[in-house]
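Chemist: The residues making up each chain are set out below.
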Amino acid sequence: MWWAVTASGLIPPDKLPSPADVWNAFTSNLSGPDGLLVAARGSLIRLAFALGVAVVVGTLIGFAMAASVLVQRSIGTLMTALQSLPSIAWLPLAIVWFGPTERAVMFVVFIGGVPAVAIATAVSIRQVPPLFTRAARTMGARGWTLQRTVVLPACVPGYWSGLQQAWAVAWRALLAAEIIRIGAARGLGHLLEASAENISLMIALMGVIVVIGLAIDTFFSVVDRRIRRRRGLLVPA
Amino acid sequence: MSERARPLSLVPDTGRAPVKLSMQHVSRAFTTGARARVEALRDVSFEVGAGEFVCLIGPSGCGKSTILNMFAGLERPDEGEVLLDGAAITEPGPDRALLFQDPALFPWLSVRGNVEYALKLLGTPADRIHDTAEGWLRRVHLTAFADLQPHELSGGMRHRAALARALACRPEVLLADEPFGALDAQMREILQHELQQVWSELGNTFVFVTHNVREATFLADRVIVLSARPGTPIEEYRITTPRPRRFDDVLLRSVVLDIHDHLSKEVTRAADEEGLRPDLA
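Those protein sequence lines, which keep their order, are chains P and F. Each residue of the first sequence is one higher than the last, beginning at 6 in the numbering used here. Each residue of the second sequence is one higher than the last, beginning at 798 in the numbering used here.
No lab work stands behind these hints: they were computed from the structure. You may find that some hints are simply not true.
Reference excerpt, derived from the structure (chain P facing chain F, CB under 8 Å, subset only) [to be verified]:
1) Leu136
2) Ala140
3) Arg142
4) Thr143
5) Met144
6) Gly145
7) Trp149
8) Thr154
9) Pro158
10) Arg235
11) Arg236
12) Gly237
Over the 12 Å line for every Cβ pair with chain F, so calculated as not near, a few chain P residues [as the list claims (entries may be wrong)]:
13) Ala12
14) Ile16
15) Asp26
16) Phe31
17) Gly37
18) Ala69
19) Val76
20) Ser79
21) Thr85
22) Thr106
23) Ala141
24) Val155
25) Arg191
26) Ala201
27) Ile217
Have a look at the derived ranges for each label pair, beta carbon to beta carbon [said to hold, decoys possible]:
28) P:Ala72 - F:Gly883: 32 to 40 Å
29) P:Ala53 - F:Glu876: 53 to 61 Å
30) P:Ala72 - F:Glu878: 28 to 36 Å
31) P:Ser79 - F:Ser951: 42 to 50 Å
All C-beta atoms in this analysis are idealised placements derived from N, C-alpha and C, irrespective of residue type, glycine included.
Next up, chain P with everything else stripped away, as it sits in the complex (with noise of 0.2 Å):
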């Protein structure tokens, strides 16, 4: 259809250029310190380290909400509050603390994963059935070994679920933050604004930014219906 819509000249090819014409920029531009390539490892590179700070911290905050009431009263709220915060609201506030830095692109997307990530631990935790901690406490596990052995592997489904929601908040957050370029480094962000010129480019990188999105997605989803078929959560289609 979009390849019949631009051979009949309904549309101009500089609102919208034909596949060819997208097909082309994405292969001219792949390669070299300018290229896809490079861009998406950056982008990529970003995403890991800050999100990967972000589940450690998230985690923890998490662990701690579900423990205590008084922590899920004070700091719960607030990531309860912060998740209505969209994460690119607080590159402002990021390039005050940071300047227009690597740093700031960093705070925006691990300050996007932290509440999703903690969320998704403190009610993972608290959805652990009863049952099979009071199981396990007649057979004489207690402490840490009753959080080790039941507790923590009884929320894997539930956490699971969490990280794959935070990373998408994080990929969204890191692409805003990118596109408003700042910091130095290459990423898909930074390629996108700059190919205002190059509107077959434009296309090309959303293209590129929807199948990294739709590749990470698999995996976790991927890794989600194992971790269910084994527990027989499952439900056969």
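Once you have looked at the hints, place chain F on chain P.
Modeler: Only chain F this time, still in chain P's reference frame:
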């Protein structure tokens, strides 16, 4: 043979076996949603001898599960004492295994993994764990299914796996809270037979909660009938029919009818009482 144990002292023949578990004047109430206070147990006293198989039976909501949870150490009484070998029970422990109506197997572990979990908690040496688990699984006829996940088993097999896991704790006391309640009649009967056999071989003290009179009579040395809420023992039957027992045993059947009669009177009485005082509901 069977007989009504009268008068209603509810104390077993302590001359035969030392007292393993005991409740002395135990009361327990729960606060439910809208400030309502529900009295689950009132002044419950009874004893269970070492190696004795006792079934608790009563209308639903009579506090049967609360009694078991107290023996297991998962709940504390408001008043009175709950004792194991004469010492107060303050926390759960592997010396008292509890079987739930849900097998409560851990879904992230295989059947074998579930049994091994209990062994690891006990501190079984690593090189003994595999063989010991295998032994318990053989006892409940699950060796062929050991490496499956719990959800891949049938309902009956899951209950056997839970039994193997409980037995692996080498408990002195087995507590069971309507463990076969959700199974069909055939599977129930098969498991009751297996349970009878395992108990005869191991000789654990057993407290078994059920609302199935036939099941109670088939399994128990003694059946204690509890009143409707607040639960308290109102009658007990000593069943001396030798094991292995059969479901079609005439004497057992007459006891079943007797208990049934008693229970339905109790349920009717409780219902009448509530009907006469609707304001308290």
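Chemist: A separate judgement is required for each hint: does it hold in the structure or not?
Modeler: Hint by hint, here is what the structure shows:
{"no.": "1", "hint": "Leu136", "verdict": "5 Å, holds"}
{"no.": "2", "hint": "Ala140", "verdict": "4 Å, holds"}
{"no.": "3", "hint": "Arg142", "verdict": "4 Å, holds"}
{"no.": "4", "hint": "Thr143", "verdict": "4 Å, holds"}
{"no.": "5", "hint": "Met144", "verdict": "5 Å, holds"}
{"no.": "6", "hint": "Gly145", "verdict": "4 Å, holds"}
{"no.": "7", "hint": "Trp149", "verdict": "13 Å, violated"}
{"no.": "8", "hint": "Thr154", "verdict": "7 Å, holds"}
{"no.": "9", "hint": "Pro158", "verdict": "4 Å, holds"}
{"no.": "10", "hint": "Arg235", "verdict": "6 Å, holds"}
{"no.": "11", "hint": "Arg236", "verdict": "4 Å, holds"}
{"no.": "12", "hint": "Gly237", "verdict": "2 Å, holds"}
{"no.": "13", "hint": "Ala12", "verdict": "54 Å, holds"}
{"no.": "14", "hint": "Ile16", "verdict": "54 Å, holds"}
{"no.": "15", "hint": "Asp26", "verdict": "51 Å, holds"}
{"no.": "16", "hint": "Phe31", "verdict": "44 Å, holds"}
{"no.": "17", "hint": "Gly37", "verdict": "48 Å, holds"}
{"no.": "18", "hint": "Ala69", "verdict": "24 Å, holds"}
{"no.": "19", "hint": "Val76", "verdict": "26 Å, holds"}
{"no.": "20", "hint": "Ser79", "verdict": "27 Å, holds"}
{"no.": "21", "hint": "Thr85", "verdict": "26 Å, holds"}
{"no.": "22", "hint": "Thr106", "verdict": "43 Å, holds"}
{"no.": "23", "hint": "Ala141", "verdict": "8 Å, violated"}
{"no.": "24", "hint": "Val155", "verdict": "7 Å, violated"}
{"no.": "25", "hint": "Arg191", "verdict": "42 Å, holds"}
{"no.": "26", "hint": "Ala201", "verdict": "51 Å, holds"}
{"no.": "27", "hint": "Ile217", "verdict": "31 Å, holds"}
{"no.": "28", "hint": "P:Ala72 - F:Gly883: 32 to 40 Å", "verdict": "37 Å, holds"}
{"no.": "29", "hint": "P:Ala53 - F:Glu876: 53 to 61 Å", "verdict": "59 Å, holds"}
{"no.": "30", "hint": "P:Ala72 - F:Glu878: 28 to 36 Å", "verdict": "32 Å, holds"}
{"no.": "31", "hint": "P:Ser79 - F:Ser951: 42 to 50 Å", "verdict": "48 Å, holds"}
Of the numbered hints listed earlier, those contradicted by the structure are 7, 23 and 24.
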